[in-house]
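In order, the protein sequences belong to chains A and B. Numbering follows my numbering, with no gaps: position 10 of the first sequence is 14. Numbering follows my numbering, with no gaps: position 170 of the second sequence is 194.
Derived from the structure by calculation, the hints contain no laboratory data. Think of the CB as a built atom: it goes at the ideal place given N, C-alpha and C, for glycine as much as any other residue. Please note that a few of the clues may not be correct.
Distance windows between CB atoms, simulated [said to hold, decoys possible]: (1) 155/A with 31/B: 22 to 28 angstroms; (2) 31/B with 162/A: 51 to 57 angstroms; (3) 62/B with 75/A: 28 to 34 angstroms.
One-letter residues, chain by chain:
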Amino acid sequence: MPSEPTLPNVRDLPSSDKLIEFDHVSFGYDPTSTVLRDISASFQRGKVTAILGGSGCGKTTLLRLIGGVHPVRQGAVRIDGEAIDTRNAEQLYKLRRRLGMLFQFGALFTDLSVFENVAFPLREHTDLDETMIRDIVLMKLNAVGLRGAASLRISQISGGMARRVALARAIALDPELLLYDEPFTGLDPIAMGVTANLIRKLNDATGATSLVVSHDVQECFEICDYAYIMAAPGVVIAHGRPEELNASDDPQVRQFIRGEPDGPVKFHYPAPPLAQDLGLRGDR
Amino acid sequence: MEWIAALGRFALDILRALGHHAAFFFELLRTLPVSLRRPYFAVAQVHALGNLSLLVILSSGLAVGFVLALQTYYALATYGAADSVGLVVNLSLVRELGPVVTALLFAGRAGTSLTAEIGLMKAGEQLSAMELMAVDPKSRVLAPRFIGGIIAMPLLALLFSAIGILGAYVVAVLLIGLDPGNFWSIMESGVDVRRDLGNGIIKSIVFGVICSFVAVYQGFEAKATPEGVARATTRTVVISSLTVLAMDFVLTALMFSTR
């Protein structure tokens, strides 16, 4: 029996060039708020980079800036050395054709079936005939374990399945850059392990660059080459290879990685003492 | 001084809103040629929007025809002109009630549905997903619905008028007992296809543009929350209805002027 061909592992290849670069980027959705503060980071071509952090620290916003959804307030986001200009529609569409994004809640088209959702980018951007589209869609669905669910409506599948369909859609065109927004949230342990492996294998097989935004530290550390840790209010507090971050002495990094309740990051939103809010006297 | 500042703010807000609507409208027009290259999306919308409104349009048209025939008969019988019931009903329907009532019903039925659908697509990040897939949501989602509404409106208005005339026939001829020959022949001689029917169709096309544009605009600009979508849906009905009524007055003055 012939042995399976060994896929080249891009982690072993020299690839020091930066595909994406954040150069002192600040951003807010309105002039009164700031979601990202002076972020400088770079993401290497062909690698899986994780962006970790608690809820509301600006991780998803970071991905949106890469997609050119919003203009930055200060600094620049560069892809292949070229700054993204959100007013330049032609440049944006050219850039977006190179990327695939998995949304936090799937963002599947609810009026289409599972099959049609995955076929959507193929129909929009290629002239492939129906047979070819069918084959590609079924292969992508097979990769996420949902080939048998191709004919189902979106309303008929669970949240975890929807996420996997969204993953199949994101990889339909084999994009050069894959952005994953919370790919593990809502998945059962089996689906989570399969998805994590799929992200890694896809990256290695296609030579794509992957950015995984998540707060699942262990899952991400198992598959990523490099990681950034963010914290409120939209700042990068640490970055490095997973083993370096695991060994970090920084109390904020340690608290986040180990999920400790006490530490520099407070669980409670700033508030007056509970007794005061409940109208209780301090001596009772 | 405070009220002058408030007045200025109000005027600026109105101008800003008008400017935004105009920019959005021209942006939508810009996407139409791209959208028309794949006409099946617009055809699907004509089918969806037409089906959605058909029952309410037909039942309302029939009811309006019944009532109009009765009221007209009561008024005309006093002057011995009861045979003209068919003519008056027909002119009322094709010139005014057909286009206007159809537009109001369309805004309430199909317009709200369009706004809610697009608003929920926005809330579910479907429009963002499309954008990030390098697919323009204005061209792929909004334009086919806009075109579909413009095509569906005159068809629905014609159906409204036709069923209304049938309703009037039932009341005037079958129930009251007017002569059917007079009913149809006076109608035929008094209604001008170009002036009456043609202008009625032009009106309903204009109303189709208004209702469809307001619906897709409100959906696209809705806040991506359940409350935001609910508010946008309400605004669709209010703005569409008021604009249709105002535009009807302008169009009537322009189309049916005797000078």
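Right, here's what the structure says about each hint:
| no. | hint | verdict |
| --- | --- | --- |
| 1 | 155/A with 31/B: 22 to 28 angstroms | violated (60 angstroms) |
| 2 | 31/B with 162/A: 51 to 57 angstroms | holds (55 angstroms) |
| 3 | 62/B with 75/A: 28 to 34 angstroms | holds (31 angstroms) |
Hint check: a violation occurs at hint 1 only; the rest are consistent with the structure.
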